[in-house]
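Sequence lines, in order, name chains A and B.
For the numbering used here, count along the first sequence from 1 and bump the result up by 2.
For the numbering used here, count along the second sequence from 1 and bump the result up by 162.
In case anyone wonders, no lab produced these hints; they're calculated from the structure.
Honestly, I wouldn't trust all of these hints.
Claimed, not checked - In silico DSS-like pairs for lysine-lysine, Cα to Cα no more than 27 Å straight-line:
#  : chain 1 : residue 1 : chain 2 : residue 2
1  : A       : 305       : A       : 315
2  : B       : 218       : A       : 244
3  : A       : 38        : A       : 21
4  : A       : 342       : A       : 315
5  : A       : 157       : A       : 21
6  : A       : 338       : A       : 315
7  : B       : 218       : A       : 205
8  : A       : 315       : B       : 218
9  : B       : 218       : A       : 201
10 : A       : 21        : A       : 316
11 : A       : 305       : A       : 316
12 : A       : 315       : A       : 189
Stated by the list, open to error - Derived Cβ-Cβ restraints for the label pairs, each shown as a range:
#  : chain 1 : residue 1 : chain 2 : residue 2 : range
13 : A       : 262       : B       : 204       : 34 to 42 Å
14 : A       : 27        : B       : 204       : 45 to 53 Å
15 : B       : 208       : A       : 20        : 53 to 61 Å
16 : B       : 181       : A       : 254       : 44 to 52 Å
17 : B       : 167       : A       : 250       : 53 to 61 Å
18 : B       : 208       : A       : 279       : 41 to 49 Å
Don't be surprised by glycine CBs; every beta carbon is placed ideally from N, CA and C.
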Amino acid sequence: MSEFSFLTDGVMYMLANPKMLAMWLIGGLLIWLAIKKDFEPALLLPMGFGAILVNLPLPGVVGENGIVQWLFQKGIASSEAFPLILFVGIGAMIDFGPLLSNPRMLLFGGAAQFGIFLTVVLAVLLGFPLKDAMSAGVIGAADGPTSILVSQVLKSGYMGAIAVAAYSYMALVPIIQPAAIRLVTTKRERMIRMPYNPKAVSKTTKILFPIIVTLVAGMIAPDSVSLVGFLMFGNLIRECGKLESLSQTAQGPLANLITIFLGITIAFQMQADKFLTVGTLMVMALGLFAFVFDTIGGVVFAKILNLFLPADKKINPMIGGAGISAFPMSARVIQKMALKEDNQNHLLMHAVGANVAGQIGSVVAGGIILSLARKWGMM
Amino acid sequence: MLNFNLLTVAFTSLLGNVTNEDIGKSFRLMGLGMLGIFIVMLLIYLVTIILNNTTKEKNDE
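With the sequences and hints as input, model every part of the structure.
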């Protein structure tokens, strides 16, 4: 009879490890959020299924010859290949035109990274080691691949929680951002109109822009080169005008393939013993804090600029809130909020400019964090 | 090096494991990080203005 015990070994193992059952519920919750609530389904669904997959009894997909462990080692741990290749696709999707025709929006892409650094201070005060604090702060950038990359390079033990938080909060932009913006603006400020008079942008500018941004980032924050470089490489493919087929492939099949595997690979970090800790809950809370203060940072910066601008050149401070990386959701949220206050106030193109600036700002922020971590001997 | 003893003591009483050195580094990260981002963004801003002006005549669009 004992030979038949192989049929019950799995069940007995699960009963002895109730934390794994809890991870099934978390996986189910992520799948529910992806399907029913449309929360970043392309990432949360693979992560949810992966969370169930890596919490099954006995070595299956994890362990020395497990496929998920292999994907993690090759795709993320050894070279950060998955998030970086995804950036090629993202770069090919971005039209920097609205930013190039209104380049002052770049400043908001910088200001709206404030929450990242404030969160690092808070996390350290809460007792997190600096490398985990830095990794948690990057959630505020609303940039999943950068969050994953920074936490991996710094060898943070919270990569699973950070990835879940980054993608969940990205999906919650329409809820989190309006609340944060209303907190620090008056109705009158939200009603400021900004005429849109775009300047024509030459093709030469569009081609040179990704090359020059890579050079500038590479000189000042060398550790951002992989992030910025791959993002800008994708954009160069898009803008050169000669590689339409490659551009379409990068935007579609390449980005989709990597997305499928990135989600399920990240789930490697969602094994019950690593994931179910108080630290995970705190990282999720810190991520929310970072996200809110990134938005507030951009808005307050716009308000400060307004102190020095003439009455007819004032900036609607909500535009500052779009300086995060969640593209294009954040720009759409700002447009919706502006129209709600005044149905003739169209801010979409300004917000899109700030939003694509946020794409650059978030990868630069990630790179600067890695540069300082290297300088301080943390990697 | 600034002394963050007060913060260290206050937060140690809450959760523990707060070191003066890490607090100092986190504040330095905030200052240097925001400075670094603004320098990069300002440089890109200037380059964009120069590009827009120098390529205006050859506008393809």
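Evaluated hints:
1. A:305 / A:315: Holds, at about 12 Å.
2. B:218 / A:244: It holds: about 22 Å lies between the C-alpha atoms, which stays within 27 Å.
3. A:38 / A:21: Answer holds: residue 38 of chain A to residue 21 of chain A is near 25 Å, not above 27 Å.
4. A:342 / A:315: 22 Å, holds
5. A:157 / A:21: This hinted pair holds, its Cα atoms lying about 24 Å apart.
6. A:338 / A:315: At roughly 22 Å apart (the allowed maximum being 27 Å), residue 315 of chain A and residue 338 of chain A satisfy the hint.
7. B:218 / A:205: Given that 27 Å is the threshold and the Cα spacing comes to 10 Å, the pair holds.
8. A:315 / B:218: 24 Å, holds
9. B:218 / A:201: At roughly 10 Å apart (the allowed maximum being 27 Å), residue 201 of chain A and residue 218 of chain B satisfy the hint.
10. A:21 / A:316: 54 Å, violated
11. A:305 / A:316: 9 Å, holds
12. A:315 / A:189: 18 Å, holds
13. A:262 / B:204: 34 to 42 Å: This hint holds: roughly 39 Å between Cβ atoms.
14. A:27 / B:204: 45 to 53 Å: The hint (45 to 53 Å, Cβ to Cβ) holds, given that residue 27 of chain A and residue 204 of chain B are roughly 48 Å apart.
15. B:208 / A:20: 53 to 61 Å: Once the Cβ atoms are compared, 59 Å apart, the range 53 to 61 Å for residue 20 of chain A and residue 208 of chain B holds.
16. B:181 / A:254: 44 to 52 Å: 48 Å, holds
17. B:167 / A:250: 53 to 61 Å: 59 Å, holds
18. B:208 / A:279: 41 to 49 Å: 46 Å, holds
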